[in-house]
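The hints should help you fit chain B onto chain A, whose structure is shown.
These protein sequences, in sequence, are chains A and B. Quick note, the working numbering runs 36 ahead of the 1-based positions in the first sequence. Reminder that position 13 of the second sequence reads as 10 in the working numbering, one-by-one numbering, no gaps.
Since the hints were derived computationally from the structure, they do not count as laboratory data. Ideal placement from N, C-alpha and C gives every residue a C-beta, glycine not left out. Careful, some of the hints might be misleading.
To be verified - Which residues of chain B face chain A? A few of them, derived with a C-beta cut under 8 Å, are: (1) 99; (2) 103; (3) 106; (4) 133; (5) 306.
Said to hold, decoys possible - Simulated crosslink set (DSSO-like; lysine-lysine; CA at most 30 Å straight-line): (6) B:4 to A:324; (7) B:190 to B:222; (8) A:136 to B:198; (9) B:210 to B:190; (10) B:4 to B:190; (11) A:136 to A:324; (12) A:136 to B:222; (13) B:198 to B:219; (14) B:4 to A:136; (15) B:222 to A:324; (16) B:210 to B:198; (17) B:219 to A:324; (18) B:222 to B:198; (19) B:4 to B:198; (20) B:210 to A:136; (21) B:222 to B:210; (22) B:190 to B:219.
Said to hold, decoys possible - Incomplete in silico selection of chain A near chain B, CB under 10 Å: (23) 139; (24) 141; (25) 154; (26) 230; (27) 308; (28) 316; (29) 322.
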Amino acid sequence: MLENLHLLLQAPVLNVQLILDGVFVGAVYGLAAYGLALVWGVMNLKNLAQGDFVILGGYLAWAMGNHGVHPFVALPIVAVLMFAFGWAIYRTIICRIIDKDLFTSLLGTFGLALVMQQIMNQIFGPEVQSIDAGFQSLTLFGGMVTIAQVKLISLCLTAALAVAIVGFMKWSRMGQAIRATAQDPRAARVMGINTDRVYAFTFALNSAICGAAGVLIAMIWVIQPFYGIAHSIRAFVIVTTAGLGNLGAVILSALGLGIAEQYAGFTLGAQLQQFTVVSLLVLVLVIKQIHRGRARQVLQ
Amino acid sequence: MNRSLSKSLFYGAIVVAGLAAPLLFPGYTFAISGLWVMILFALTWDIMGGQMGYNSLGNIFFFGIGMYVCAIVQVGLYYNVAAYTAPSGQIDVHFTPHQYYLGLTLGIAAAAVVATLFALLFGQIILGLRGPYFAIGTLGIALAAGELFGAWNYVGGGGGIALPTFPGDPGDRALFFYILCFILAIAAFAFLKWLYSTRFKLVANAIRDDEEKAEAMGLYTKRYKNLGFAISAFFLGISGALYGNMIGFIEPVEVAFPVITFGIFMVVMCLIGGKGTLWGPVIGAALFHVVRQLTWTYMLGWQWVALGGLIIVSVVYFQQGIVGWVLERWPERFGIRVDEAGSPDESLDADPVNKEAA
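Pulled out of the complex, with its shape left as it was, chain A reads as follows (with noise of 0.2 Å):
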């Protein structure tokens, strides 16, 4: 199992791959962990259905690809369908539980998960899929590191969407409402700012993020039903790890989230991936415990 390791020793360039497909694919766990850090700061809200809204992103570019649009048109097209998406959940389902106990809403969105990925696997089928978007490879040390030309568009499309989340939150109006209601939603509601408009609002945006993060995963990596579970815990280790409304920490955490998942990969062994990702939320989780044992006194 271990003998991957030696190999990685021996041939340092391909450490360049995993650290480069880590990237790739952890700037895309960004998207969607600044998504939750986004609903969770702001609304207080767990969401355990992430990963499947990511997933449905994926779907919809797949479905629309089958009918011949090109996943860049399909981006777009996505982002607003999932918008409207979670605009409508949040009226249905979220704006019952926000104001309930912590556990409600992390078994509410975690029923909303159940009903979402068994739906998918109804309509769309259990097959893992992926779409073409119909690039070539680079070659890079004569051969020895392959990089898909959609990973790096991909990597762009993620860095310019950042950019424009960030630019939104900071001079729109409604991205100025939303950092308000964050920092205090009474004092928001006395300047005349209406709160449920926002959270509904922030929800269908963390909803469009989710989208066009699962447009891009299901580019440069695969889709299935049930991968939702995975990019929830993604979503959760980077979160837990960075902090909330913490942009550079979310990037930095998932760019290493991603970069430590490919070496787990290929030194323990595929089926042993997802563990890793498991395992590293529990040991944030840990870590983040000891912190705060540390900083109070408990009684023994």
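Below, chain B alone, put in the same frame as chain A:
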């Protein structure tokens, strides 16, 4: 009829019904055994989830651990486990009845002990987590365990282990495990009924309501949290050992660590029945299991959508559960006195008026 007599009649009726059920409906023995296992799931989840407010999504971990430990003991007592589970060139195995029963007994005991130890070990780490972090952390542990056992070739990896065959005909086998499940569920209920009459319930509820304040009042919250976790692990470990033998074949993701099915069922059953009550989980589990058995196979894949919908609806609209709703509706029947004066605000308003009138 006085109250204690009617109560003992009621419990007696349940025991008689439980014993008579497999004899009356021999075809459904397995399904009714499942009912007792489900009741046990719901009861054990409620110790932490309902009474203590520590909502675990990964209690199924102890179920899987118990299942695997029991299997390893049952096989390992007489054969080399690695050779037994090897995919190619299976060794010839035969268990005599004496070997089988001895292995099963030791296996169940080991399952209970190991699951409890794991609970104490993990409790040190994750019981410090609060609210959503605890739920996600436990979910993570259960998912990770499933993946890990799937990659562990010693216990058969993703291919799983076939357990020793029962020495006797299938009808006896079903009845044998039915009785064990029944005893386990009854024992768990009786134990919890006793436990909830002690100080434990008060401390657990105090932790649920406000852990910091409970600590400030001088309660050793950590000790009680560990205790609650260990108790649920103990019963879940045994139930895992029994269930594995009932199925006869262990496989990591679908049978031993079914996070998405049993792991969620136990939460849903408590929610439906009413969490934080003794009878809520039992009623929720019975209702859920019966409805599931009756409708599950006819829904052709849409049953999962229905389950998710059920979770959402029960979380959003029916949080207090059946027992919680009954308690709210007819509190006086359960010995809860309701202050008819109304809310404290009203009585404050009423006082000055009375004084003025006087």
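Hint check results:
1. A distance limit of 8 Å between C-beta atoms decides the matter here; for residue 99 of chain B the minimum to chain A is near 35 Å, and the interface restraint is violated.
2. Hint status for residue 103 of chain B relative to chain A: violated, with the closest Cβ pair at about 30 Å, above 8 Å.
3. A hinted interface residue such as residue 106 of chain B counts as satisfied when its beta carbon comes closer than 8 Å to some beta carbon of chain A; here the least separation is about 29 Å, so the hint is violated.
4. The beta carbon of residue 133 of chain B comes within 6 Å of a beta carbon in chain A, closer than 8 Å, and the hint placing it at the interface holds.
5. With a least beta-carbon distance of about 6 Å to chain A, the hint placing residue 306 of chain B at the interface is held under the 8 Å criterion.
6. As the CA atoms of residue 4 of chain B and residue 324 of chain A are separated by approximately 49 Å, the hinted pair breaks the 30 Å bound.
7. Taking the CA atoms of residue 190 of chain B and residue 222 of chain B, the gap is near 18 Å; set against the 30 Å cutoff, the hint holds.
8. Simply put, residue 136 of chain A and residue 198 of chain B have alpha-carbon atoms about 24 Å apart, close enough for the 30 Å limit, and the pair holds.
9. Restraint check for residue 210 of chain B and residue 190 of chain B: satisfied, since their Cα atoms lie roughly 26 Å apart, inside the 30 Å limit.
10. At roughly 13 Å between alpha-carbon atoms, residue 4 of chain B and residue 190 of chain B fall within 30 Å of each other, so this suggested pair holds.
11. Pair hint residue 136 of chain A plus residue 324 of chain A holds up; C-alpha atoms about 25 Å apart against a cutoff of 30 Å.
12. With a C-alpha separation of about 24 Å, the suggested pairing of residue 136 of chain A with residue 222 of chain B holds against the 30 Å cut-off.
13. Distance check on the hinted pair: residue 198 of chain B and residue 219 of chain B sit about 14 Å apart at the alpha-carbon level, within 30 Å; holds.
14. A threshold of 30 Å between alpha carbons decides the hint, and for residue 4 of chain B with residue 136 of chain A the separation of about 37 Å lies outside it, so the pair is violated.
15. A distance of roughly 19 Å separates the Cα atoms of residue 222 of chain B and residue 324 of chain A; the hinted pair therefore holds under the 30 Å criterion.
16. Taken as a hint, the residue 210 of chain B and residue 198 of chain B pair is honoured in the structure, with Cα atoms around 16 Å apart against an allowance of 30 Å.
17. Note on residue 219 of chain B and residue 324 of chain A: the hinted pairing holds, with a Cα-Cα distance of about 18 Å set against a maximum of 30 Å.
18. For the hint pairing residue 222 of chain B with residue 198 of chain B, the CA-to-CA distance comes to about 11 Å; that is within 30 Å, so the pair holds.
19. Taken as a hint, the residue 4 of chain B and residue 198 of chain B pair is honoured in the structure, with Cα atoms around 22 Å apart against an allowance of 30 Å.
20. Distance check on the hinted pair: residue 210 of chain B and residue 136 of chain A sit about 21 Å apart at the alpha-carbon level, within 30 Å; holds.
21. A threshold of 30 Å between alpha carbons decides the hint, and for residue 222 of chain B with residue 210 of chain B the separation of about 15 Å falls inside it, so the pair holds.
22. A threshold of 30 Å between alpha carbons decides the hint, and for residue 190 of chain B with residue 219 of chain B the separation of about 22 Å falls inside it, so the pair holds.
23. Contact between residue 139 of chain A and chain B, as hinted, is supported at the beta carbon level, the nearest pair being about 4 Å apart and thus within 10 Å.
24. For residue 141 of chain A, the shortest C-beta to C-beta distance to chain B is roughly 8 Å, which falls under 10 Å, so the interface hint holds.
25. Among the interface hints, the one on residue 154 of chain A holds; its C-beta lies about 4 Å from the nearest C-beta in chain B, closer than the 10 Å criterion.
26. For residue 230 of chain A, the suggested interface contact is broken, since its CB lies about 22 Å from the closest CB of chain B, more than 10 Å.
27. This hint holds: residue 308 of chain A has a C-beta 5 Å from the nearest C-beta of chain B, less than the 10 Å allowed.
28. The beta carbon of residue 316 of chain A is positioned within 10 Å of a beta carbon in chain B (closest approach about 9 Å), and the interface hint is therefore held.
29. Hint on residue 322 of chain A holds. Least Cβ distance to chain B is approximately 5 Å, under the 10 Å limit.
In this structure, the earlier hints numbered 1, 2, 3, 6, 14 and 26 are contradicted, and the remaining ones agree with it.
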